[in-house]
Amino acid sequence: QKEVEQDPGPLSVPEGAIVSLNCTYSNSAFQYFMWYRQYSRKGPELLMYTYSSGNKEDGRFTAQVDKSSKYISLFIRDSQPSDSATYLCAMTDTGNQFYFGTGTSLTVIP
Amino acid sequence: ETGVTQTPRHLVMGMTNKKSLKCEQHLGHNAMYWYKQSAKKPLELMFVYNFKEQTENNSVPSRFSPECPNSSHLFLHLHTLQPEDSALYLCASSQVGSGTDTQYFGPGTRLTVL
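Chains as they are written, first to last, in this note's numbering: chain A, 1 to 110; chain B, 1 to 114.
Bear in mind the hints are in silico, worked out from the structure with no lab data behind them. Treat each hint with caution, since some may be false.
[As the list claims (entries may be wrong)] Below, in silico cross-link-like pairs of lysine-lysine (DSBU-like), each with a Cα-Cα straight-line distance of 30 Å or less:
1) B/Lys22 / A/Lys56
2) A/Lys42 / A/Lys56
3) B/Lys36 / A/Lys42
4) B/Lys22 / A/Lys67
5) B/Lys19 / B/Lys36
6) B/Lys18 / B/Lys40
7) A/Lys42 / B/Lys41
8) A/Lys42 / B/Lys40
9) A/Lys67 / A/Lys2
10) B/Lys19 / B/Lys40
11) A/Lys70 / B/Lys18
12) B/Lys41 / B/Lys18
13) A/Lys42 / B/Lys18
14) B/Lys41 / A/Lys2
15) A/Lys70 / A/Lys2
16) B/Lys36 / B/Lys18
17) A/Lys56 / B/Lys19
18) A/Lys42 / A/Lys2
19) B/Lys22 / B/Lys40
20) B/Lys22 / B/Lys41
21) B/Lys40 / A/Lys2
22) A/Lys42 / B/Lys22
23) A/Lys70 / A/Lys56
24) B/Lys40 / A/Lys67
25) B/Lys41 / B/Lys19
26) B/Lys36 / B/Lys22
27) A/Lys56 / B/Lys18
28) B/Lys41 / A/Lys67
29) B/Lys36 / A/Lys70
30) B/Lys22 / A/Lys70
31) A/Lys2 / B/Lys18
[To be verified] If we take Cβ atoms under 8 Å as the criterion, some of the chain B residues that face chain A in the derived model are:
32) Lys41
33) Leu45
34) Val60
35) Arg63
36) Pro66
37) Pro69
38) Ala87
39) Leu90
40) Thr102
A quick note: this is a predicted structure, and the numbers were derived from the prediction, not measured. Heads up, the beta-carbon is just placed ideally off N, CA and C, and yes, glycines get one too.
If we strip away everything but chain B, and leave its shape as in the complex, we get (with noise of 0.2 Å):
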């Protein structure tokens, strides 16, 4: 596996359910981030990790939470979601305070909430 890799792709979820979105990323990255992509919309930030500690919390709610046992793997666990949740999840890592600060994504997560 290469760049940084998102399970599952495509998620259906009703609104009383648990799930789990994972991230991974193989490129040696000490920041990961999970970012929510709507329709006609700019990217909106979720949450930031750097070297494992959290450094971002954009006031989501509370019905999204993150974890981030390594700094390789970044999960983004939900649970009593609501139909507007409905979006694109993604998740990136970079390399801050490398002189070339950019962003890796993933695929995404295709999250539909019914």
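Just chain A, same shape as in the assembly (with noise of 0.2 Å):
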């Protein structure tokens, strides 16, 4: 079974839909949680980190932890063509070694 599973999509959205990206893992250490965005030949950029269970949100972006289900998820609001990329999930117990899912493929439509 593999630490992190991430459906790698592609996802295709029209312009200003709700984007729903989802990880869930098996290791119930994973203590913080983090998304990356990643444009096409670029390295990832972190995009939103949280710690335990809850939410978080920033701007059009909100991402949410439950740890009882060990199953993250970043929602974006209102989505935008720049927001196109590949969004990695990844998570980590002792901040020693992070585990990421494969990224999933997103294509927002003007």
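If you follow the hints, you should be able to join the two separate chains into one complex; please do so.
Put into structure tokens, the structure is as follows:
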């Protein structure tokens, strides 16, 4: 069983739609959860960071962590063409080793 | 320069060549990482350095050799690579033990092995 599971997509939505991206994980020791955005031919860029369970909002982005279900989500409201990228979830327990999903490819159509 | 920088951005090499990738972090972090990113696969952790000491080596072939001369610089020395080693090589840094454990990535080196 993989440590982190993420649907690779691709996901295609019209501009203005709400996007939901998800990851599941198997290790209950994970405490720190991250979402990265990676544009084509660029390195991953940290988008959201959360510790333990709960919600965190930053502009159009909301990250949710449900540790009881081992499930994390990233919501994008009012999606824009500039949001078109691959979104990677990542998590760690101690900060020494990070575990990544495969990434979900998102296209927002104008 | 800010954040994490990597050079070169693109590299094409033959199987008998020797080359090096360079990474520099300007964030004052104490840990640095090398990852390999291939299409449709999760990021593969290759090496971890905490306080300049190598703490992880995830069964990486010996044709990849890391070097960390100080907490700001990280190298990946390459020799006699195989075509399947073609990938995006990403460097990252973090501040381990800070309570905000997360990683910051460089732009990557796109490596093609002919």
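Structure-based check of all given hints:
no.	hint	in the structure
1	B/Lys22 / A/Lys56	violated (35 Å)
2	A/Lys42 / A/Lys56	holds (25 Å)
3	B/Lys36 / A/Lys42	holds (13 Å)
4	B/Lys22 / A/Lys67	violated (38 Å)
5	B/Lys19 / B/Lys36	holds (16 Å)
6	B/Lys18 / B/Lys40	holds (28 Å)
7	A/Lys42 / B/Lys41	holds (16 Å)
8	A/Lys42 / B/Lys40	holds (16 Å)
9	A/Lys67 / A/Lys2	holds (17 Å)
10	B/Lys19 / B/Lys40	holds (26 Å)
11	A/Lys70 / B/Lys18	violated (44 Å)
12	B/Lys41 / B/Lys18	holds (26 Å)
13	A/Lys42 / B/Lys18	holds (24 Å)
14	B/Lys41 / A/Lys2	holds (12 Å)
15	A/Lys70 / A/Lys2	holds (13 Å)
16	B/Lys36 / B/Lys18	holds (18 Å)
17	A/Lys56 / B/Lys19	violated (43 Å)
18	A/Lys42 / A/Lys2	holds (25 Å)
19	B/Lys22 / B/Lys40	holds (25 Å)
20	B/Lys22 / B/Lys41	holds (23 Å)
21	B/Lys40 / A/Lys2	holds (14 Å)
22	A/Lys42 / B/Lys22	holds (16 Å)
23	A/Lys70 / A/Lys56	holds (17 Å)
24	B/Lys40 / A/Lys67	holds (26 Å)
25	B/Lys41 / B/Lys19	holds (25 Å)
26	B/Lys36 / B/Lys22	holds (14 Å)
27	A/Lys56 / B/Lys18	violated (46 Å)
28	B/Lys41 / A/Lys67	holds (25 Å)
29	B/Lys36 / A/Lys70	holds (26 Å)
30	B/Lys22 / A/Lys70	violated (37 Å)
31	A/Lys2 / B/Lys18	violated (34 Å)
32	Lys41	holds (6 Å)
33	Leu45	holds (6 Å)
34	Val60	violated (14 Å)
35	Arg63	violated (23 Å)
36	Pro66	violated (16 Å)
37	Pro69	violated (21 Å)
38	Ala87	violated (13 Å)
39	Leu90	holds (5 Å)
40	Thr102	holds (5 Å)
The earlier numbered hints that this structure contradicts are 1, 4, 11, 17, 27, 30, 31, 34, 35, 36, 37 and 38.
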